[in-house]
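Start from the sequences, fold in the hints, and give me the full structure.
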Amino acid sequence: MLTSYFSSRRKSENLFNSSLEVEHLDAIDSFILERMGSRVGTGKGFNTSVMSRERPLVDTLEEFSVNNTIVTERVLYSLIVNQAYESDFSTLTKTWVNRLVQRFEVSKKLYELYPPGFRKGEGSSSNVKLYWLFALSLCLAYSSSENLQYLSTLLKINDTLCSLNKEELETHIPLCGLQLILELEAGYVKDLIDSETSEVLCI
Amino acid sequence: MYLNDVCMVASDTTRTRAYIYALIRHQLLPRYVILLNNEAKDLLPGQSNQKSSLDDQQLCEAGEDDFWSEATFDQSASLTSLLKSVEIDYDIASSSDINHKSVIRLVQRRPESVFIFSGFGGVLLKKEILSIGKKFLHVHGGYLPEYKGSTANYYSMLDSRRMGASAIFLTNEIDGGPILLRRMFPIPKATEDIDHIFDSAARAKVLIEVLKSYVDSGEWCLDLESDQDGDTYYVIHPVLKHIAILSKHK
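Chain order of the listed sequences is A and B. Take the first sequence: its position 78, counted from the start at 1, is 68 in the working numbering, and no numbers get skipped. Take the second sequence: its position 74, counted from the start at 1, is 77 in the working numbering, and no numbers get skipped.
Read the hints as simulated data drawn from the structure, not as lab findings. Check each hint, because a few of them may be wrong.
Taking lysine-lysine and the DSSO-like style, the derived pairs with C-alpha atoms no more than 27 Å apart in a straight line are [as the list claims (entries may be wrong)]:
id: 1; chain 1: A; residue 1: Lys99; chain 2: A; residue 2: Lys84
id: 2; chain 1: A; residue 1: Lys98; chain 2: A; residue 2: Lys119
id: 3; chain 1: B; residue 1: Lys244; chain 2: A; residue 2: Lys98
id: 4; chain 1: A; residue 1: Lys1; chain 2: A; residue 2: Lys180
id: 5; chain 1: A; residue 1: Lys99; chain 2: B; residue 2: Lys244
id: 6; chain 1: A; residue 1: Lys99; chain 2: B; residue 2: Lys129
id: 7; chain 1: A; residue 1: Lys98; chain 2: A; residue 2: Lys84
id: 8; chain 1: B; residue 1: Lys244; chain 2: A; residue 2: Lys84
id: 9; chain 1: A; residue 1: Lys119; chain 2: A; residue 2: Lys146
id: 10; chain 1: A; residue 1: Lys180; chain 2: B; residue 2: Lys244
id: 11; chain 1: B; residue 1: Lys129; chain 2: B; residue 2: Lys104
id: 12; chain 1: A; residue 1: Lys110; chain 2: A; residue 2: Lys84
id: 13; chain 1: A; residue 1: Lys99; chain 2: A; residue 2: Lys156
id: 14; chain 1: B; residue 1: Lys129; chain 2: A; residue 2: Lys98
id: 15; chain 1: B; residue 1: Lys244; chain 2: A; residue 2: Lys146
id: 16; chain 1: B; residue 1: Lys192; chain 2: A; residue 2: Lys110
id: 17; chain 1: A; residue 1: Lys84; chain 2: A; residue 2: Lys156
id: 18; chain 1: B; residue 1: Lys130; chain 2: A; residue 2: Lys98
id: 19; chain 1: B; residue 1: Lys192; chain 2: A; residue 2: Lys180
id: 20; chain 1: B; residue 1: Lys129; chain 2: A; residue 2: Lys110
id: 21; chain 1: B; residue 1: Lys104; chain 2: A; residue 2: Lys1
In structure tokens form, the structure reads like this:
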């Protein structure tokens, strides 16, 4: 089971190995990838030196309330920028990550909008960028908290992303960003195996 | 010995078998049982048509460990035969869902106030049945309030190399009712059959301890009045479940 997991993830990583120049990325995506690389201890696969240094202007997490309609992409950008800068896993960050985990685990989907109450989603649930952004947020959440629920949800999100074809993904997501979340996930899983079992993996 | 004021709502699952074997073994018999019926061809969560991967000797060895004393039960035993063997009155409900009107009617007509709940996995009790004035005693697979939700014991095994079981009275909040008793268990030697043997055995052991305490004291004593804290977990990814199963080898 574990060998086949690593082998299939490696196949996906190779498939998403991109030569995309970082200057072709949106400023906010460049920023996120740069901060992700330094925040969680990797930067492989892309050149961080030429990336944006300015903190992008995003809504602050305090501006979101479940009493209003939530635009998922906006809350995800806000979460990631917040997570990339905060030294610990704040209660507000945890609350929003947990809300999104709950929505995803119950429906296995992320919707573009959540009307007041944050229950049933509206709009499209096939916007792959939302899943990628959520995976980035989960990487940061797991690296800060070591809460295994975040790793479990990350594995499910990445299973979904890996099941899509490259052409479908690359129009919406920087492939080097996809490679990053797969590398991070595999690293977390390997660390967990090392700490929990005496299993020796040939990966 | 028949328990005053205690009945049971049970589904055709391995957990129900663990409970009934334990109840018979300890002579703590409910007055009456409602058997939820799965008429569909497909198995529902908690059901298994496979024999345990553990052989009789492994099960006996597990049963000798005090923590796993309720692990020895026949997973394929007929529930109705078991109930008949100890003369427990029962009805077979026409639905697999405790929230169905026909099941609510069966519960309502009983004079007893507490029902041990052993339904199919993943079923939540809805407002209607929770408001009929009966208490539903459920044993959650996980140490509360830290480990709420689904497959909580696998997360707990990875975090602390322990499992848990917690007896609660059900409320409309998932695993959020008052806690009667909670116990931790070491990871069993044979981790291959956690879902159907050891999770059920841990829950059965806690159930028996709660019922003994009720018989001794004549009341339902609470360990924690409220269960508001802790994290909620969702079905664990198979890769993490596999690592949890391997974690005994460290």
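Distance restraint between Lys99 (chain A) and Lys156 (chain A), which requires alpha-carbon spacing of 27 Å or less: 20 Å, holds
If you draw a straight line from the CA of Lys99 (chain A) to the CA of Lys129 (chain B), is it 27 Å or shorter? Given pair Lys99 (chain A), Lys129 (chain B) holds - Cα atoms ~24 Å apart, limit 27 Å.
Holds or violated: Lys180 (chain A) and Lys244 (chain B), Cα atoms, limit 27 Å. 14 Å, holds
Regarding the pair Lys244 (chain B) and Lys84 (chain A), is the alpha-carbon distance no greater than 27 Å? Holds, at about 24 Å.
Given the hint that Lys129 (chain B) pairs with Lys110 (chain A), does the C-alpha gap stay at or below 27 Å? With a Cα-Cα distance of about 19 Å, the restraint between Lys129 (chain B) and Lys110 (chain A) holds, given a limit of 27 Å.
For a C-alpha distance cap of 27 Å, please report whether Lys104 (chain B) and Lys1 (chain A) respect it. Violated, at about 52 Å.
Keeping to a limit of 27 Å between CA atoms, is the pair of Lys119 (chain A) and Lys146 (chain A) held or broken? 15 Å, holds
Holds or violated: Lys192 (chain B) and Lys110 (chain A), Cα atoms, limit 27 Å. 43 Å, violated
Proposed proximity, Lys98 (chain A) with Lys244 (chain B) (alpha carbon, max 27 Å): Between Lys244 (chain B) and Lys98 (chain A) the Cα gap is close to 19 Å, so the pair holds against 27 Å.
Taking only the CA atoms, is the gap from Lys99 (chain A) to Lys244 (chain B) under or equal to 27 Å? 22 Å, holds
Given pair status - Lys156 (chain A), Lys84 (chain A), alpha carbons within 27 Å: Given that 27 Å is the threshold and the Cα spacing comes to 32 Å, the pair is violated.
Is Lys110 (chain A) close enough to Lys84 (chain A), meaning Cα to Cα at most 27 Å? 21 Å, holds
Violation of the numbered hints given earlier is confined to hints 16, 17, 21; the remaining hints are satisfied by the structure.
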